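Each chain, letter by letter, is given below.
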Amino acid sequence: MVLVHEAKILIDGSLLMVVETSQNNKIQSLVVWDKDDFGSYEKSHDLSAYLSKTSNKESVLIPAEENPLDLSVDIVFFEVVSSEDSYNQARGAIYSLARYYKCMMDSLFKEHDMGSTSGCSINGINTGSIAVLIDLLITSFEQALLANDMEVVKIVLSRLDKVCKTSTDGCGCNSTNLTDPCNKFKQY
Amino acid sequence: MQKEDRHRVVLLSSVGKLYNKFVTSGGLVESNLKFLDIIDKLKNSCLEISKEDKEKLDLLYFRLKNEDSIVCETYTKEPLKPSTDFGLIGGNTDAPKNNVIYYKPPAPNLTIEDIKNNIALDGPRNNPTHTSMTVLRQGYYFDTSSAGRLIIEIDHNVSRIRIYNVLGMDITNTFDADIIKGKFVFISNLILTSGKLYLKFN
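These protein sequence lines map, in sequence, to chains A and B. So in our numbering, spot 179 of the first sequence is number 179, and the numbers just go up one at a time. So in our numbering, spot 25 of the second sequence is number 25, and the numbers just go up one at a time.
To be clear, the hints were calculated from the coordinates, so they are not data collected in a lab. Here the structure is a predicted model, which means the values were calculated and not measured. Be careful, since some hints might not be right.
As the list claims (entries may be wrong) - DMTMM-like mimics (lysine to aspartate or glutamate), calculated; alpha carbons at most 20 Å apart, straight line:
#1 A:K162 with A:E142
#2 B:K43 with B:E55
#3 B:K41 with A:E111
#4 B:K43 with A:D36
#5 B:K41 with A:E142
#6 A:K154 with A:D36
#7 B:K54 with A:E142
#8 B:K51 with A:E142
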């Protein structure tokens, strides 16, 4: 069994991975994907060369200048494989939803006349529903991620992006990316 | 249904906090609860919130929380039997204090007719394992009286979902494009809908 203790994009763009497998086994490979390439090994970035392969625990730091991932998006994916005979693979995602939370907050302020900082609104759509809609989409995203349904994850992200970009001023949509300190990971 | 035949049932909101406010108008229901929930999420998120925005959130929370609490009511043909045959309404352990009827999750033998005739379900849920989903697996009926959102987990072999109103009209297309095949169906723009809907899975 492979356990991912940490998977994070640092503020400077470095990639940090802390993984562990069972005793007497080693982590054999580490592969990452950009948002739209998940699942295609041809389009993956193989970072196995950064593994020490000396013990069952690995702490890997890929410097920003060597990190091949596109960090201007909301999500990237990884896969770790160990030398175990079974249950030797762990997949997961690193993602940041900070800009959508920001958009949700601005919508909430707008709806309740709280002096929205950025005036987030969408033409023809009740602004009150925007906050609820974003909340729904965030929940859907997290549930789809838990269910390991990457197609739904991508669709939901696309809709989140659309909702925020459709807002009259693009609120919250240009403020962050995966280097945001709020990025987190989920192993599935 | 004649008024005298009705039995009062109180619908607690989907999350069931005490500070609900439902404003009903022709079946349209809005709830401050959702916004309180969103504020909680924002506060608990990692989002860096400025001092000014934090004050706004606190003020908004206070305003929402202290508005008059009104629970949503509906009526059924037969009295519901708490903790027995019929479905959960609400889910709030504080419910007894608030004179709200509290029911256990629906019994496995719940039928569509049971649902149609005897119970009005509080549809949208934060938790997809909540009543509405369980019932939808057995029947395909729910009441959007506290509409906010609906997330349904469906089987892989479900390839299509159709939505009908009480008149039997297919209104699937009015639900935008938020219907996704696969493990989840999420219908977001239930937010402003009202009344009863029927779902049919193929």
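Each hint tested on the structure:
{"no.": "1", "hint": "A:K162 with A:E142", "result": "holds, 18 Å"}
{"no.": "2", "hint": "B:K43 with B:E55", "result": "holds, 11 Å"}
{"no.": "3", "hint": "B:K41 with A:E111", "result": "holds, 17 Å"}
{"no.": "4", "hint": "B:K43 with A:D36", "result": "violated, 31 Å"}
{"no.": "5", "hint": "B:K41 with A:E142", "result": "holds, 14 Å"}
{"no.": "6", "hint": "A:K154 with A:D36", "result": "holds, 8 Å"}
{"no.": "7", "hint": "B:K54 with A:E142", "result": "violated, 25 Å"}
{"no.": "8", "hint": "B:K51 with A:E142", "result": "violated, 28 Å"}
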